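Number of protein chains: 2
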Amino acid sequence: MIQDLPFFLATLHDAYAGGLRPAEVMRECRRRIEAAGDPGIFLHLPQEADLVAMAEALGPFDPQAMPLYGLPFAVKDNIDVAGWPTTAGCPAFAYTPDADAFVIAQLRAAGAIPVGKASLDQFATGLNGTRTTGPAPLNAINAELVPGGSSGGSGVAVGRGLVSFSLGTDTAGSGRVPAAMNGIVGLKPTLGAFSASGVVPACRSCETVSVFALSVDDAHAVFRAATAYDPADGYARPVAAPLPGPVTPLAIGVPDAASREFFGDAAQEANFAATLDWLKAQGHRIAELDFAPLYEIAVMLYDGPWVAERHAVIQDLMERRPDAVLPVIREIVGKAGRFSATDTFRAQYRFRDLKRQAEALMAGLDMLCVPTVPALCSLADIAAEPVAANSRLGTYTNFVNLLDMAALAVPVMPRADGHPGNVTLIAGAGEDAVLASLGRVMQADLAGAPGAPGWPLPALAPAATAAAADEIIVAAVG
Amino acid sequence: MIQDLPFFLATLHDAYAGGLRPAEVMRECRRRIEAAGDPGIFLHLPQEADLVAMAEALGPFDPQAMPLYGLPFAVKDNIDVAGWPTTAGCPAFAYTPDADAFVIAQLRAAGAIPVGKASLDQFATGLNGTRTTGPAPLNAINAELVPGGSSGGSGVAVGRGLVSFSLGTDTAGSGRVPAAMNGIVGLKPTLGAFSASGVVPACRSCETVSVFALSVDDAHAVFRAATAYDPADGYARPVAAPLPGPVTPLAIGVPDAASREFFGDAAQEANFAATLDWLKAQGHRIAELDFAPLYEIAVMLYDGPWVAERHAVIQDLMERRPDAVLPVIREIVGKAGRFSATDTFRAQYRFRDLKRQAEALMAGLDMLCVPTVPALCSLADIAAEPVAANSRLGTYTNFVNLLDMAALAVPVMPRADGHPGNVTLIAGAGEDAVLASLGRVMQADLAGAPGAPGWPLPALAPAATAAAADEIIVAAVG
Numbered sequence: 001m002i003q004d005l006p007f008f009l010a011t012l013h014d015a016y017a018g019g020l021r022p023a024e025v026m027r028e029c030r031r032r033i034e035a036a037g038d039p040g041i042f043l044h045l046p047q048e049a050d051l052v053a054m055a056e057a058l059g060p061f062d063p064q065a066m067p068l069y070g071l072p073f074a075v076k077d078n079i080d081v082a083g084w085p086t087t088a089g090c091p092a093f094a095y096t097p098d099a100d101a102f103v104i105a106q107l108r109a110a111g112a113i114p115v116g117k118a119s120l121d122q123f124a125t126g127l128n129g130t131r132t133t134g135p136a137p138l139n140a141i142n143a144e145l146v147p148g149g150s151s152g153g154s155g156v157a158v159g160r161g162l163v164s165f166s167l168g169t170d171t172a173g174s175g176r177v178p179a180a181m182n183g184i185v186g187l188k189p190t191l192g193a194f195s196a197s198g199v200v201p202a203c204r205s206c207e208t209v210s211v212f213a214l215s216v217d218d219a220h221a222v223f224r225a226a227t228a229y230d231p232a233d234g235y236a237r238p239v240a241a242p243l244p245g246p247v248t249p250l251a252i253g254v255p256d257a258a259s260r261e262f263f264g265d266a267a268q269e270a271n272f273a274a275t276l277d278w279l280k281a282q283g284h285r286i287a288e289l290d291f292a293p294l295y296e297i298a299v300m301l302y303d304g305p306w307v308a309e310r311h312a313v314i315q316d317l318m319e320r321r322p323d324a325v326l327p328v329i330r331e332i333v334g335k336a337g338r339f340s341a342t343d344t345f346r347a348q349y350r351f352r353d354l355k356r357q358a359e360a361l362m363a364g365l366d367m368l369c370v371p372t373v374p375a376l377c378s379l380a381d382i383a384a385e386p387v388a389a390n391s392r393l394g395t396y397t398n399f400v401n402l403l404d405m406a407a408l409a410v411p412v413m414p415r416a417d418g419h420p421g422n423v424t425l426i427a428g429a430g431e432d433a434v435l436a437s438l439g440r441v442m443q444a445d446l447a448g449a450p451g452a453p454g455w456p457l458p459a460l461a462p463a464a465t466a467a468a469a470d471e472i473i474v475a476a477v478g
Numbered sequence: 001m002i003q004d005l006p007f008f009l010a011t012l013h014d015a016y017a018g019g020l021r022p023a024e025v026m027r028e029c030r031r032r033i034e035a036a037g038d039p040g041i042f043l044h045l046p047q048e049a050d051l052v053a054m055a056e057a058l059g060p061f062d063p064q065a066m067p068l069y070g071l072p073f074a075v076k077d078n079i080d081v082a083g084w085p086t087t088a089g090c091p092a093f094a095y096t097p098d099a100d101a102f103v104i105a106q107l108r109a110a111g112a113i114p115v116g117k118a119s120l121d122q123f124a125t126g127l128n129g130t131r132t133t134g135p136a137p138l139n140a141i142n143a144e145l146v147p148g149g150s151s152g153g154s155g156v157a158v159g160r161g162l163v164s165f166s167l168g169t170d171t172a173g174s175g176r177v178p179a180a181m182n183g184i185v186g187l188k189p190t191l192g193a194f195s196a197s198g199v200v201p202a203c204r205s206c207e208t209v210s211v212f213a214l215s216v217d218d219a220h221a222v223f224r225a226a227t228a229y230d231p232a233d234g235y236a237r238p239v240a241a242p243l244p245g246p247v248t249p250l251a252i253g254v255p256d257a258a259s260r261e262f263f264g265d266a267a268q269e270a271n272f273a274a275t276l277d278w279l280k281a282q283g284h285r286i287a288e289l290d291f292a293p294l295y296e297i298a299v300m301l302y303d304g305p306w307v308a309e310r311h312a313v314i315q316d317l318m319e320r321r322p323d324a325v326l327p328v329i330r331e332i333v334g335k336a337g338r339f340s341a342t343d344t345f346r347a348q349y350r351f352r353d354l355k356r357q358a359e360a361l362m363a364g365l366d367m368l369c370v371p372t373v374p375a376l377c378s379l380a381d382i383a384a385e386p387v388a389a390n391s392r393l394g395t396y397t398n399f400v401n402l403l404d405m406a407a408l409a410v411p412v413m414p415r416a417d418g419h420p421g422n423v424t425l426i427a428g429a430g431e432d433a434v435l436a437s438l439g440r441v442m443q444a445d446l447a448g449a450p451g452a453p454g455w456p457l458p459a460l461a462p463a464a465t466a467a468a469a470d471e472i473i474v475a476a477v478g
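In order, the protein sequence lines correspond to chains A and B. Residues 1 to 478 in the numbering used here are what the first sequence lists, from first letter to last. Residues 1 to 478 in the numbering used here are what the second sequence lists, from first letter to last.
Since the hints were made in silico from the structure, they are not lab data. Computed from a predicted model, the values in this text were never measured in an experiment. The beta carbon of each residue, even a glycine, is placed where N, CA and C say it ideally should be. There's no promise every hint is true.
Reference excerpt, derived from the structure (chain A facing chain B, CB under 10 Å, subset only) [to be verified]:
id : residue
1  : Arg21
2  : Val307
3  : Glu309
The shape of chain A in the complex, shown without the other chains (with noise of 0.2 Å):
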């Protein structure tokens, strides 16, 4: 029965090759969002007879040159698709692109099949997913917790198996915060691998499009389909994308004693200690570090003057048409005006500076190994303090990109209130293979199944092993 089958890369391509046409999955698609019920995850949802076009014109199944042949995907809704109006989440901005953003048509390209633009959180300023000017999507696992954000939409698609995947975009922890709400993977990859060509910025230097996916396998097929040298974009830069290895013995950086925060939450603490447990026992090293630089490095993130790269994208819709920018959105992008150019070049030395530090703590280590939220935020949670509950979410988060790591979010054994446990590992530029190569046999071992449908994982194919020359991994953090 179709309406059983679940969206894995592996599960739709072995149907695909018994025969099924991609045209029944998009009306399967179609229907479970339907029968999701929840019209908070979507903004556009186009014609279904759109849907069954695109996928009768990719003709027969063919997953050598299309290696995405056929999979629904939801597109966070400040990322432009042909003829779809763009959002990013304020009505008043909306406007119809002629054109896929770069990202779009790389992964259109390799088969897959966009089948509507998800919420996000107001021009993606926010963790949580509710800063929303219509009904916020409802968290896939638990319907009192926020969604996560700002790719809230995005993450509930796949946490609640409608989608193959989606894609978000990340500054500040987008891409992951979503995953750990929603009991899913979240890949932030290195800083340029996406073009941001078509993508409505928030935060231009330090962000990224990022890919949910219900397994590590399937988000870094993604990776690896979307991931291409655009030179229309200012930050791109050309990142290799291999595929996953087998795992090593790895020296893992995670937070000592004092740097590690939960804000109460003894669960999140429990499995976290847990999920250390399970590495050490793998045979990897875990170093424990003081995260004080990279906690620094975070604030600057929202305090500092990068708040003034979301200004430079709404400073006119906020000048001409204040009411339209959400309260909340409003107070955190004005603050841009609190800070002289001046002040921008002072914050990026202090930057470098803390960023030495950072690498000096880092070195001779791998990876890092974090909780992807320090816990569980409801909806209360968020009614109560819609600022310091957001930020709370990005503890673990914020300092990535800054300092031009890739991430990856990956669930863990659930914790002990059942909801799934979910850790990011971090590692330097171009590392994203790395990530991969431990984070899918780290869920695979650990996790029950993603998200809410309960579908198992399907069994991990063996690593590559025979790298090929445009295609070796090395592992390094510093």
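Got chain A; can you put chain B on it based on the hints?
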């Protein structure tokens, strides 16, 4: 007679090998400084006894351990030498550091001996060398011309043969313009190769300490000794400093006819054309380029928010004692107040886009060749147009540091009026040795005796042919 001994590295080392002692060279250096009769060159000179003590502390001649053994050098007065005042050209700013700048310590360890602090355009803001509180240094070749700046004293000290080499700093061209004005070599290394620890910054994100010398070989020897990664400098990078290699046929980009600007200096125009004829005759391919994107980047350095970097250095002084800052510097740096944090990020985005255009322009080329200055500049020109005439000097230098490129200003054949010609070779970050490989041959084939003293260039040693594993030279601009 020591009075006739050229201060080239090779001639001094020959003399040391023959028994001359460094203390005698220090005394001769002081004699030459006094004989020069120009109080504008140095802002501080130590006691002669201190120089002699430094020389005697060197021990026996050992050029293997100390590749710059016994070479006297001048230090731009925005670089710390322990126990000597640092003024940055502003007496009210003066302080006396306890420690050497990192780069001074490197040079001392290599056997070089600092002999004095050299004049500069105040806070290294200028390209003409006369923005001083006391007398400006006199041009080494022609006293009607400006010395060039901001590293004016450093350029003249070498141009007059008072020292073997000198340190300058270079943001907009301060390490290259004085080379053209005084008929010597100006080496502006890859950003981050030389540490900025202990240097008064001008524009910290895009500047570097630089080297003036009489020959390309001497400048490159200093480059090799000074280059060392300093983790305490947030903008430092590990940079390779191999020996120059043999010259292979190169693809060299030059401004096309519409992009060439000589402000009416026909001798400069003819001199540049003759240099290109020589390059073609040597078998190099000349590609004529539209320099428009480079010029647009150049304008950003002074007219955009980067001027706030200068403001960050002297904001306190300008508020406390505005009269202590030269009016022309106050006017330039005061422009920082026009720019907000939002403006700053917007300019950085625009720069990224222009950088992409520049990369496309230079794709497939090994280096660029430009006139170092578009026209000679007289004291009368600066008196008539203190800002505009200064700006013209940076026509071919301003864009280089923002684009993260290395540059080498090289003496070529004399102009029709007898002033030494000078062109700048420019290549990508890390290509310093590639520039030296061509520059050393260029100087030897084309130029007369460098600077004022009339010392013939020592015969070139054969270029290194078998580069060691860490000394591979790869030429690439794009």
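Evaluated hints:
no. : hint   : verdict
1   : Arg21  : violated (42 Å)
2   : Val307 : holds (8 Å)
3   : Glu309 : holds (5 Å)
Taken one by one, the earlier hints fail for this structure only at number 1.
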